[in-house]
Amino acid sequence: GQQVMQIPQYQHVQEGEDFTTYCNSSTTLSNIQWYKQRPGGHPVFLIQLVKSGEVKKQKRLTFQFGEAKKNSSLHITATQTTDVGTYFCAGPDNTDKLIFGTGTRLQVFP
Amino acid sequence: DSGVTQTPKHLITATGQRVTLRCSPRSGDLSVYWYQQSLDQGLQFLIQYYNGEERAKGNILERFSAQQFPDLHSELNLSSLELGDSALYFCASSGPPGPNSPLHFGNGTRLTVT
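Protein chains in written order, with my numbering: chain A, 355 to 464; chain B, 853 to 966.
It cannot be assumed that every hint is accurate.
Stated by the list, open to error - Taking lysine-lysine and the DSS-like style, the derived pairs with C-alpha atoms no more than 27 Å apart in a straight line are:
| # | chain 1 | residue 1 | chain 2 | residue 2 |
| --- | --- | --- | --- | --- |
| 1 | A | Lys-390 | B | Lys-861 |
| 2 | B | Lys-909 | A | Lys-424 |
| 3 | A | Lys-390 | B | Lys-909 |
As the list claims (entries may be wrong) - Far from chain B, some chain A residues (derived; all Cβ distances over 10 Å):
| # | residue |
| --- | --- |
| 4 | Val-367 |
| 5 | Glu-371 |
| 6 | Gln-412 |
| 7 | Lys-413 |
| 8 | Arg-414 |
| 9 | Ala-432 |
| 10 | Asp-450 |
Think of the hints as simulated: they come from the structure by calculation, not from any bench. Glycine included, C-beta positions come from ideal geometry on N, C-alpha and C.
Sequences are here, hints too, so could you generate the full structure?
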């Protein structure tokens, strides 16, 4: 079945440093979604990318969808302690159910 | 607040028992999804319903079953519980089914099997 992997699994950064998580799917995706789960919380939808090569920004967050629509990345510029959490990418499989990536846990030290 | 309501928030039970988790989707959402998240693990898709009918099934154990009622709320039944079933169970809802519908998650039910 479809697999969605993310690297790194964990990332510890100093506040102010940049952070990037990478998402790779075993199959081509019609779209990629990103979610953030704060410690003790539930996943919250951040954004959806649909077009090949698409880049979207939300303040300090930059999301990119690969040209082949099999990979994506999330880059956070100048991390803050509020960025702490686990970031998941997710893509639909051939039956349209959303398959979540393995997640990247971000820890930010002040 | 996502608008998705899950009850109970916590559940502690013994092995071999049966429990029911309940979910009310966001107003207007017809699709309901159940995911399992074990400690420090990702989100494993269990099952999806749309307007009362099962639409997709993941790696859901035979001991688990679910349904969506006419009022669109959903229940996930877990029976013959084992220690390994201890996890966070999330319900999510979305609008019309399709690859482009983002999910809105509830706060989850934390199940502890002792």
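### Query
Of the numbered hints stated previously, which ones are contradicted by the structure, given in increasing order?
Hint 10 is the one this structure does not satisfy, whereas the remaining hints hold.
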